[in-house]
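S.K.: Listed here are the chains, written in short residue letters.
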Amino acid sequence: MKKIINNPEYVVEEMLEGMVRAFPQYVRKLEGYNVIVRADAPVKGKVALVSGGGSGHEPSHAGYVGKGMLDAGVAGAVFTSPTPDQIFEAIKAVDGGAGVLLVIKNYTGDVMNFEMAADMARAEGIEVESVIVNDDVAVENSTYTVGRRGIAGTVFVHKIAGAKAQAGGTLEEVKAVAEKVIKNVRSMGMALTPCIVPAAGKPTFTIGDDEMEIGMGIHGEPGTMRTKLMKADEVVDHLMSKILADLPLESGDEVAVMINGLGGTPLMELFIMNKKVGQILDGKGIKVFRTYVGEFMTSLEMAGASVTLLKLDDELKSLLSAPADTPAFKQL
Amino acid sequence: MAVDSIKLIDIIKAIADKINEKREYLTQLDSAIGDADHGINMSKGFKAVVEKITNMGDKDCGTILKTVGMTLVSTVGGASGPLYGTAFMKAGQAVAGKVNLDFNDLISVCEAALEGIKYRGKAEKGEKTIVDALEPAVEALRKHRSEGLKTALQEAVKAAKKGMEYTKNIIAKKGRASYLGERSLGHQDPGATSCYIMLETLADQLLDKKS
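Chains H and R, in that order, are what the protein sequence lines are. Under the numbering used here, think of the first position of the first sequence as 1, with each following residue one higher. Under the numbering used here, think of the first position of the second sequence as 1, with each following residue one higher.
Among the hints, a few may not be true.
What the hints assert, rightly or not - Looking from chain R toward chain H, a few residues come up when the C-beta cut is under 8 Å (computed):
hint, residue
1, S31
2, A36
3, D37
4, N41
5, V73
6, S74
7, T75
8, G77
9, A79
10, A96
11, G97
12, R176
13, S178
No lab work stands behind these hints, which were simulated from the structure alone. Note that beta-carbon positions come from the ideal geometry of N, C-alpha and C, so glycine has one too.
In isolation and in its complexed conformation, chain H is listed as follows (with noise of 0.2 Å):
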C-alpha cells in the first residue's frame, strides 16, 4: 500500500482537520465528532440539511457543507457507514428551528445509522425527514436486492434541496424537491481499478490489466460485468444506453449532466466521456442545460468514472441555477 498518511485509523480525522484548516470560512468540525457543519451554524429560520456516509468518497459530503447545500456532512470510517450518535449530534448541531431533512445514499448502513439517529433527534422533538437516493441504475431494483444505491446523483440533491432551503422553503417543500431529483436522477459507473482502504492495506478486488469493471459502486464492491477494455466511446454508449432506459427521455427535454471522476482518472479521459455524452444526447435532441466535469464522488484512488443524467423541469433549472458557496461546489 502506499499512501500519504499517518496512521490508518486516524486518516479521517486527520483529513477533517486539514479541510477545516483550509476552509475556515466555511467549515468547523464538532468537537468530538468526526462532523462538518457550516461555520455559522445553526441558521435560524431555514431547513438544515444533513448528509454523510463513509469517508474515502471526498469531496462528498463534507465538502458541500456550505450556503446554498449542506448543512452538515457527517463522515464515517472509510467505507462505513457514520454512527447514529455522531449522525444525532450533526442534527442537533444544525437545527435552525425549521426543521432537519437527512440525505441518504441507499446503503443498508446508512439507512440503518440514519433512522436510528431520526429516531433519536424526534425523541428531542427535532422535526426530521429523510430522502434516500438510489440513483445508480447498475444495480437492479428487484425483490432479491435493497434496491439501487446511491452515487453521485446525490450532489444534485444537495444542490437542488440545498438551494429550496436556501430560498426559505418549508421541510416539507424542501423535502418534495429533494424527492423530485431523486426521481428524475439517474447514474451508472464503471472502474479499471481497484482502490485500497487504508485500514485494509489490500486492493478491495483484483482485475487484469487489459479489464474493466461495468456497474461498479462507489465502494469498491464489485460491479455488474467485467469485460476487456474498451474505447471511450464504447464505454459511454454503453453506461448512456443502461441510463436512457430507464430514465425516458424526448427530443426538446433538456438534462443536468454530471461527468464524475472516482479519484484516479484524469480530467482529459473525463472530458473525453464528456464529448461523447454530449454527443448521444444531441442525436436524441435532448438539450444540455448544465454540464458539471470533475471529482464529486470519488471512490479513493479508483480509476474510472460515473456518469449522471438530471431531467429538468423549470423549478429544478432554477434551484439547480442558484448561487452555491462551499469548499468544493462554486457556482455564482
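Once you've looked at the hints, dock chain R against the given chain H.
M.R.: Just chain R, lined up with the frame of chain H:
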C-alpha cells in the same frame, strides 16, 4: 448454571478476543461480497466494548448488555453496528435488573437478540445474513431446552455452524452483497460468520472449554 456480572464480562471479553483473532478472516470474507471491513469494524467495536465494561462488575447483567449494545452502535458503523448493537440492547432489556442469569435467561437473551436483529435489518432466514446463523441456534436452544444446558448449547452451536455454512449456497438479499445477485453464491456471509464465532465462544465459556 449461573452467570453473574463478573462472568458475563469475562464472556464478552472472550468474544472480543476471538473477534480480534478472526479479524483478518472476517475482513477477507467481506472483501469477496461486501466492502472488506467487517473484521476491522467489529474488532474496533469490541475493543471499545471491553474498555467500557471492564469495571462494570457491580452492575446488573441487563445494564452490561445494554452498554455493549450502545457501544457497538456508536463505534462499529456500517450495517453491523446497528444490527449487533440493537441485538445486545434488546438482550439487555430482556434481563433488565438481573444480577444472575440462569439457563432460561440465556435463552431469553438469545431470543431477544434475534428479534432485535430481525427488526433492525428487516431480515428473514435465507437472505444470507446474521439471521441464518442466529435463528437456527435459537431454535435449537428452545428445542433442546429440556435436555439441559450442555446439550442445548452444543446443539445451538452446531445449528449455527450449519446455518453459517449454508450461506454459501444462497443468494444474498440484504446488504451490499445483494447487489451481486448470483455472484454472491459460493461465498460465506461474514455476518453469519461473526455471529457463529460469538455463539461458539459463548458456549466454550459456559462449558468451561478453552476457546
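S.K.: For each hint, tell me whether it holds in the structure or not.
M.R.: Going through the hints against the structure:
At its closest, the beta carbon of S31 (chain R) sits 6 Å from a beta carbon of chain H; the interface hint therefore holds under the 8 Å criterion. Contact between A36 (chain R) and chain H, as hinted, is supported at the beta carbon level, the nearest pair being about 5 Å apart and thus within 8 Å. The interface hint given for D37 (chain R) is met, as the beta carbon of that residue sits about 6 Å from the closest beta carbon of chain H, less than 8 Å. At its closest, the beta carbon of N41 (chain R) sits 6 Å from a beta carbon of chain H; the interface hint therefore holds under the 8 Å criterion.
Checking V73 (chain R) against chain H by beta carbon gives a least distance of about 6 Å; that is within 8 Å, so the hint holds. With a least beta-carbon distance of about 5 Å to chain H, the hint placing S74 (chain R) at the interface is held under the 8 Å criterion. A least Cβ separation of about 7 Å between T75 (chain R) and chain H falls short of the 8 Å threshold, and the interface hint therefore holds. The criterion of a C-beta within 8 Å of any C-beta in chain H is met by G77 (chain R), whose closest approach is roughly 4 Å, and the hint holds.
Nearest Cβ of chain H to the Cβ of A79 (chain R): about 4 Å, under the 8 Å cut. The hint holds. Because the beta carbon of A96 (chain R) sits about 19 Å from the nearest beta carbon in chain H, more than 8 Å, this interface hint is broken. Restraint check, G97 (chain R) versus chain H: the minimum CB separation of about 23 Å is more than 8 Å; hint violated. With a cut of 8 Å, the hint placing R176 (chain R) at the interface with chain H holds, because the nearest CB-to-CB distance is about 6 Å.
Annotation: S178 (chain R) was flagged as interfacial toward chain H, and the flag holds, the nearest CB pair being 4 Å apart, inside 8 Å.
The structure is inconsistent with the numbered hints 10, 11, although it conforms to all the rest.
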